[in-house]
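Colleague: All chains should be modelled from the sequences, with the hints used to inform the complete structure.
Protein sequence lines correspond, in order, to chains A and B.
Heads up, the first sequence is in numbering that gives the first Met the number 0, so the first residue is 0 and it goes up one at a time.
Heads up, the second sequence is in numbering that gives the first Met the number 0, so the first residue is 0 and it goes up one at a time.
It is worth saying that the hints were derived from the structure and are not from the lab.
Think of the CB as a built atom: it goes at the ideal place given N, C-alpha and C, for glycine as much as any other residue.
Facing chain A, from chain B, some residues (calculated, C-beta under 8 Å):
id, residue
1, D149
2, V150
3, N152
4, L153
5, L154
6, R155
7, S156
8, F157
9, G158
10, A159
11, T163
12, L167
13, P171
14, L246
15, Y251
So the chains spell out like this:
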Amino acid sequence: MSSPQTASPTFRAALPSRLEIRDIISTYEEGDHRLTALDGLTLTVGVGEFVALVGPSGSGKSTLLDIVSGLLTPDSGDVLLDGEATTAAQRLGRSAYMQQRDLLLPWRTTVGNAGLGLEAAGTRRDEAERRARAELWRFGLEGFDAVYPAQLSGGMRQRAAFLRTLLPHKNLMLLDEPFGALDALTRAELQAWLAALWEQERSSVLLVTHDVEEAVFLADRVLVLTPRPGRLAHELTVSLPRPRTRAMLASPEFVRDRAALLTALGVLDDPAP
Amino acid sequence: MNRQRQPPRWLPPILLTAVLLLVWQLAVRLSGTPRWLLPAPGDVVLAFITDWAILWPNALVTLSEVLAGFTLALLTGIGLGIGVFRSQTLERVLYPLIIASQTIPIPALAPLLLVWFGPTIWPKILVTALIGFFPLAVSTVEGLRSTDQDVVNLLRSFGASPGTVFRLAEFPSSLPYIFAGARIAVAISVIGAVFGELVGARAGLGYLMTRSIAQFETPRLVAAIVLLSIMGTGLFALVGLVERVVLPWRSYATVNRP
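Modeller: The structure is reproduced here in structure tokens:
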């Protein structure tokens, strides 16, 4: 399958891309209407790059992650992983997908849940749990290995979900509003924790969020989507240096980037001074 | 209100039972009703003591029929439930039949089964199994269907095969439902076994009941009924105990998070 609009060769040879999405169109039925979720979306995520996608609700952000993870086949368009065109079935198991809900299994303890991604791909349970246990301390879950999800706080549940996502060491992570269900304080704490964790791992990340500050704080590059149907409206390379610290939230660079994104989203009329 | 002042949960039903038994005892004695028409609780207790040598072996016969029939219901109910869930063909062909089978008054099949198998243990086991099968099959299907689809998608995105999704998510999700079905099934299993015995048997509490009625030994009949009730309650509690051992997490997750 090739996209109809590849007449002009792109310049992707210069920068290796982990994920490349070309002219994705995705529609779905609602009642007797056919609605367009994504209308010709094109984007890339480089190797070791953290890309955030912001957009209003209903701009097809989650649809995009479903397509990249292989759960959904788009109506048309190409998805390339490491430069190779893939079908949805071929993409299953290639990325680590994390959703807003932690989706921890209530009948499994912390290590049992954290090892689930490995087990899904065929690792034996005892081996998966052993590898999960070895990482607990990095996720602030030490001493909570034999505890059920109902006994964990919201922040701990989400960190356990992160461990489950990271443990299979996929080189592409898809995060769908991973902090959306948390209270503001826990969210700020986990954002800083994720920034530090990512700066060690440097895996490729595509983060979907409606929180502009979160996007600027975490990402190297932020893409803004239009309301449904989703198209690319704006692109911004974040000017904050790494490692990121929470003190940067008050820096002029942060304020400028945030204002630019809010303007692109139509929330601000013109850039703040 | 001070919570510590509250009486224990088991006290009110025990008290109520005691009062009812006392009223029953007095009413029978004061009215002079003959024992064979309505025995007083004291007569039943006496029957337990004097007739224990008859009651106990017959109770064991009924218990073994219940356990065999319930085991058969477990295997077929859960097995067919899984089949219906995993195969669209089975769902279309078999599930309507399973539902329709519930409209057959199963105890009424007992005489037919007696004709086929004679006064052996088989008619009792089969009636018991047929009665317990339905709640188990339906709760298995409903339990498997209750699996969180986001969890299924999560596992698929990690590269899990349908078999792995079943093992890691769908089957464990169904277990609380299966246990709920098993509690119902085991309690009504006792009814099934007694029905099987009433139409033709050489042993068992159902058989003992028909014999006691014929001999005007009504206190022994009531004692047999009490034993059946204890058996049903005990088995119900046993399934609950097994559930607490197999699903220890249930005591923490009282509310399912959205």
